[in-house]
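2 protein chains.
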Amino acid sequence: MKKHNFSAGPSILPASVIQKAADGVLNYNGIDLSIIEISHRSAEFIEVMENARSLALELLELEGKGYTALFLQGGASTQFLAVTYNLLESKAGYLNTGTWSAKALKEAQHYGEIIELASSKDANFNYIPKNILVPANLDYMHLTSNNTIFGTQFKEFPKSTAPLVCDMSSDIFSRTLDFTQFDLIYAGAQKNMGPAGTTLVVVKDEILGKVSRHIPSMLDYQVHISKDSMFNTPPVFPVFVSMLTLEWLKDLGGIPAIEKVNNDKANLLYNEIDRNPLFKGFVPNSEDRSMMNATFTLTQDNLKDTFDQMWKEAGINGLNGHRSVGGYRASMYNALPLESVATLVNVMKHLETKA
Amino acid sequence: MKKHNFSAGPSILPASVIQKAADGVLNYNGIDLSIIEISHRSAEFIEVMENARSLALELLELEGKGYTALFLQGGASTQFLAVTYNLLESKAGYLNTGTWSAKALKEAQHYGEIIELASSKDANFNYIPKNILVPANLDYMHLTSNNTIFGTQFKEFPKSTAPLVCDMSSDIFSRTLDFTQFDLIYAGAQKNMGPAGTTLVVVKDEILGKVSRHIPSMLDYQVHISKDSMFNTPPVFPVFVSMLTLEWLKDLGGIPAIEKVNNDKANLLYNEIDRNPLFKGFVPNSEDRSMMNATFTLTQDNLKDTFDQMWKEAGINGLNGHRSVGGYRASMYNALPLESVATLVNVMKHLETKA
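Here the protein sequences come in this chain order: R and F.
The first sequence lines up with residues 658 to 1012 when you count with my numbering.
The second sequence lines up with residues 658 to 1012 when you count with my numbering.
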């Protein structure tokens, strides 16, 4: 059966990427060896790594603008720490808009003064704070562009004279933005870019080298930059599949092309959530709603078993909401086709006729 | 052409594992989804992770002995730091037997007093130091069991009242040992266990929780233990393929069975290196020689081009030595068949007839 994969991450990848990934595992480019059993210092893998790095910059339109792309390990959770080590001298500002931004803040607190510039915790993170006052003399300001669990997303970003650091794990490569407003972007691959196991870091070189603390080698961006993202053995397969996904996105027309599809998907689903009396969006303010993760609940609890059975029978996977929110979460990352959202919307309409 | 893959790492994996890995990428266990696009919280992946963790303990005969197995990210290079954070209160001892042990020592130096207990640097690391005096009151002692670059290997391990920490990246699961003599073992997967992108950590629980320093979450073994090795999204595919490789090893008869094959391979090659006047082993003392990585040079430099052409024509891959040693390095990890070593030995004999 055709599956409609709404998993929040690791999540759906393009079918053509899955096929090429499997081919590369069996025999990479006809060299009679698997991509996972060749040296990372081989010409073949160096090409993969360089390709992935330059595609990332190209798609974000950051080529030639003083940025470097790295494919590291350890997830965004390791970047919470790396950001701190590389940028925090005395004081940084954090926006607290959900579980992941709170975790980032918590890791940083051991290394300097961390100011919570704004928080939406008072309403279980169901909105994006506005009109944020940013004090002068911050070493950097940190935010999470898309809150996977709660389904909110920054549409505009606060201005700061300090470097702007953004965790884009769940919406990178999904929408056009002026990416030069960020000085450091990081993103775990497993939502919009590839399989779990690698993390993209895009950093403006000029913000580095300004702290006095000792930085451990594996957390030091300048070490990774000086070694072309191969200070130690990189996560070969996750980088390879990320490269394939970025190639797929480029062939499709890049971020402007996928943004249009993503808007169509999100509009289709949110319109149904708002129209159908059996459903209620978790995020009341439509401008704060995530185009990637739509969170919603049933208005009648007694319909739960019926609805759950219906979407499962339709081949839908991964629709259960996170325990912090309850209800449902439809993750509509780049690789999810419009057809899958249409299938979900049809199930929602069908539930209405049965209720 | 059939390739004989002597790559030092990432390195050869069993053919059956490669096939199952590719199958899992296309459609995992018939669920109509790829292993790389399902949630790491799904029943399917939790089973993979738990399987991999318990197989690791079972094969090392450490089940029920107070140890926990974790599959983390960041390579052995991240463990250099994690070991320090988790175990170093004031003073630790390091054995310096090659590039990687020196790097481990260097990372630790920023966090306490590090004593180099012994070093073989005086002879470009071509031997294993013996009769090491271990002072009392160390927080731990650290060593590298197998030196991939230089081709040396500890056959017996120094005794210490302090916890013994061992980087086994290049010989884990290759030979029978009393693994209870170690309190912490770590190993990057990409040699004897799986693809690049995950690192096995096997730790005796009772050595943890004794330092006063703050440990960042991602480096804290107790955090990872409390979350069953899923504090954050784990590297799904590398863990999956590591599990497949550990299953292959178990089916084969475990470590005792593979040790016999590894001994046969190493004996075959070292006998030829010692017999053939055209070759010279880099490690003079046979008891210090690695059963995993045999390092050797030509005795006549002018034969280099001929020899290189001959082994490449025989389908041999990855035989060039590391720049620190020069010459050649034959890495004979678990998945390399005896047939591949026989092919190399035949080429060496053939060179002799031509010289």
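For the record, the hints were derived by calculation from the structure and aren't laboratory data.
Mixed in with the good hints there might be a few duds.
Since the list gives no way to pick out one identical chain from another, each pair is judged satisfied if it fits inside one copy or across any two copies.
No farther apart than 27 Å at their CA atoms in a straight line, the calculated lysine-lysine pairs in the DSS-like style are these [to be verified]:
{"id": "1", "residue 1": "LYS760", "residue 2": "LYS884"}
{"id": "2", "residue 1": "LYS763", "residue 2": "LYS884"}
{"id": "3", "residue 1": "LYS816", "residue 2": "LYS861"}
{"id": "4", "residue 1": "LYS867", "residue 2": "LYS763"}
{"id": "5", "residue 1": "LYS884", "residue 2": "LYS778"}
{"id": "6", "residue 1": "LYS969", "residue 2": "LYS1006"}
{"id": "7", "residue 1": "LYS917", "residue 2": "LYS787"}
{"id": "8", "residue 1": "LYS867", "residue 2": "LYS884"}
{"id": "9", "residue 1": "LYS812", "residue 2": "LYS660"}
{"id": "10", "residue 1": "LYS867", "residue 2": "LYS760"}
{"id": "11", "residue 1": "LYS677", "residue 2": "LYS907"}
{"id": "12", "residue 1": "LYS748", "residue 2": "LYS1006"}
{"id": "13", "residue 1": "LYS1011", "residue 2": "LYS969"}
{"id": "14", "residue 1": "LYS722", "residue 2": "LYS812"}
{"id": "15", "residue 1": "LYS907", "residue 2": "LYS861"}
{"id": "16", "residue 1": "LYS677", "residue 2": "LYS660"}
{"id": "17", "residue 1": "LYS659", "residue 2": "LYS677"}
{"id": "18", "residue 1": "LYS659", "residue 2": "LYS816"}
{"id": "19", "residue 1": "LYS787", "residue 2": "LYS1011"}
Status of the hints after comparison with the structure:
| no. | hint | result |
| --- | --- | --- |
| 1 | LYS760 / LYS884 | between (29 Å within a copy, 15 Å between copies) |
| 2 | LYS763 / LYS884 | between (30 Å within a copy, 18 Å between copies) |
| 3 | LYS816 / LYS861 | within (17 Å within a copy, 49 Å between copies) |
| 4 | LYS867 / LYS763 | both (22 Å within a copy, 22 Å between copies) |
| 5 | LYS884 / LYS778 | between (41 Å within a copy, 25 Å between copies) |
| 6 | LYS969 / LYS1006 | within (15 Å within a copy, 64 Å between copies) |
| 7 | LYS917 / LYS787 | within (26 Å within a copy, 67 Å between copies) |
| 8 | LYS867 / LYS884 | within (20 Å within a copy, 35 Å between copies) |
| 9 | LYS812 / LYS660 | neither (31 Å within a copy, 52 Å between copies) |
| 10 | LYS867 / LYS760 | both (24 Å within a copy, 24 Å between copies) |
| 11 | LYS677 / LYS907 | within (16 Å within a copy, 30 Å between copies) |
| 12 | LYS748 / LYS1006 | neither (51 Å within a copy, 67 Å between copies) |
| 13 | LYS1011 / LYS969 | within (16 Å within a copy, 69 Å between copies) |
| 14 | LYS722 / LYS812 | within (23 Å within a copy, 53 Å between copies) |
| 15 | LYS907 / LYS861 | within (23 Å within a copy, 48 Å between copies) |
| 16 | LYS677 / LYS660 | both (19 Å within a copy, 22 Å between copies) |
| 17 | LYS659 / LYS677 | both (19 Å within a copy, 22 Å between copies) |
| 18 | LYS659 / LYS816 | neither (45 Å within a copy, 59 Å between copies) |
| 19 | LYS787 / LYS1011 | neither (41 Å within a copy, 79 Å between copies) |
Figure legend: structure checked against the earlier numbered hints; hints not met, in rising order: 9, 12, 18 and 19.
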